[in-house]
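Visitor: With the sequences and hints as input, model every part of the structure.
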Amino acid sequence: MRRPRRVAVAATALLALALTAAASPAQADRPGPHDVHPALWSHLVAFYDFDHPVVGDPALERDLGRSGTEIELVNGGEAMRVPDQAYKGSGDALQTRQVNPQAAGNDDWKAGTWSSSGVRTLRAFSGAEGTTVMGWFMREMDGPALNSTTANPTDRFNAIGLAGVLTGDSDGHGVRALLELIDVGGELRLVALGRRVDGGASQTFAANEDWRTLLPKGEWVHLAATYDFTSGTMALYRNGEPVDGFYTTAGDPWQLNGPGPHVTSATDPRGIKIGGSFPQNNLERNPCDCRMDGLMFLDSVIPAGDIAKQYRYMAR
423 MRRPRRVAVA ATALLALALT AAASPAQADR PGPHDVHPAL WSHLVAFYDF DHPVVGDPAL
483 ERDLGRSGTE IELVNGGEAM RVPDQAYKGS GDALQTRQVN PQAAGNDDWK AGTWSSSGVR
543 TLRAFSGAEG TTVMGWFMRE MDGPALNSTT ANPTDRFNAI GLAGVLTGDS DGHGVRALLE
603 LIDVGGELRL VALGRRVDGG ASQTFAANED WRTLLPKGEW VHLAATYDFT SGTMALYRNG
663 EPVDGFYTTA GDPWQLNGPG PHVTSATDPR GIKIGGSFPQ NNLERNPCDC RMDGLMFLDS
723 VIPAGDIAKQ YRYMAR
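For our numbering, add 422 to where a residue sits in the sequence shown, where the first one is 1.
Keep in mind that a hint or two might mislead.
Said to hold, decoys possible - Here are the simulated DMTMM-like pairs of lysine to aspartate or glutamate, each with C-alpha atoms no more than 25 angstroms apart in a straight line: (1) Lys510 to Asp650; (2) Lys731 to Glu663; (3) Lys731 to Asp674; (4) Lys639 to Asp591; (5) Lys639 to Asp620; (6) Lys510 to Glu663; (7) Lys731 to Asp457; (8) Lys639 to Asp593; (9) Lys510 to Asp457; (10) Lys731 to Asp620; (11) Lys639 to Asp605; (12) Lys639 to Asp473; (13) Lys639 to Glu663.
Said to hold, decoys possible - Between beta-carbon pairs, the in silico distance windows are: (14) Pro683 to Pro505: 44 to 54 angstroms; (15) Gly727 to Leu678: 17 to 27 angstroms; (16) Asn522 to Val476: 36 to 46 angstroms; (17) Pro460 to Ala525: 41 to 51 angstroms; (18) Phe668 to Gln524: 29 to 39 angstroms; (19) Thr652 to Gln524: 29 to 39 angstroms; (20) Ala525 to Gly682: 15 to 25 angstroms.
Rather than coming from a laboratory, the hints here were simulated on the basis of the structure.
In this text, a Cβ means the ideal position worked out from N, Cα and C, and glycines have one as well.
Guide: Written out as structure tokens, the structure is:
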């Protein structure tokens, strides 16, 4: 299913042809967005600060990264940009939220993009050795939202979606790399969830510390997650510092025991999801009553030192 107007495309066909899966030396040297530390410029595929609506359609947000992947502010449109500073120099933030938990509708505020044929401008995540997702988040909820897709009025979703890159065969929910809060053994935890092979199993790296401590209600926090698909490792960071955690799945869910190279499936991701699943807006799942800002999607495993630099650079 392709949405008629708002799908992820490059600004022009010429730009789409000029983009490559990884930054060339010339790209690595070019100036990047002023909110991004220079150490990250060459790896920055997509970046959204929610201060740059597309001219003529404020329900779309410009990508300040190299991919030019516009995202849609689903259901709330321009009203989803709210005046709030996650970091010095920021303007508006993105507001996501559940709208009507009593109805099985499609009205939740979320953001992202989706295409059944894959989003060509996100090709940097095809056959990738690693990925990093990071940004600023402020939660405004006490736990997962009421489940609007079941008849049980007390049933709740088991997760709160933050931000992630979809797989190449995603229905709008399945991900290649995702930051979220999810039930792990009966306890909600902050996690990095990754999937190397389309249709394959995922692995989850869950934080040890209580999620309410890591993401206090009403407080801006910088989070980052890295996914090393060659080694099968992930990491979480909070305000530039590593977060201790554990893997939830035993064995080899990323299928690394066979011959390499061990990279993600050679498919264009079907999009990006932010603040909940199904950016094509045909189903509701894991809504986040949250504010977000400075969201970055990068095509490599950013070293811990550079994640700390980015946090300090924005929090200066």
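Visitor: Report the numbers of all earlier hints that the structure fails to satisfy, in ascending order.
Guide: 1, 3, 4, 5, 8, 10, 16, 19 and 20
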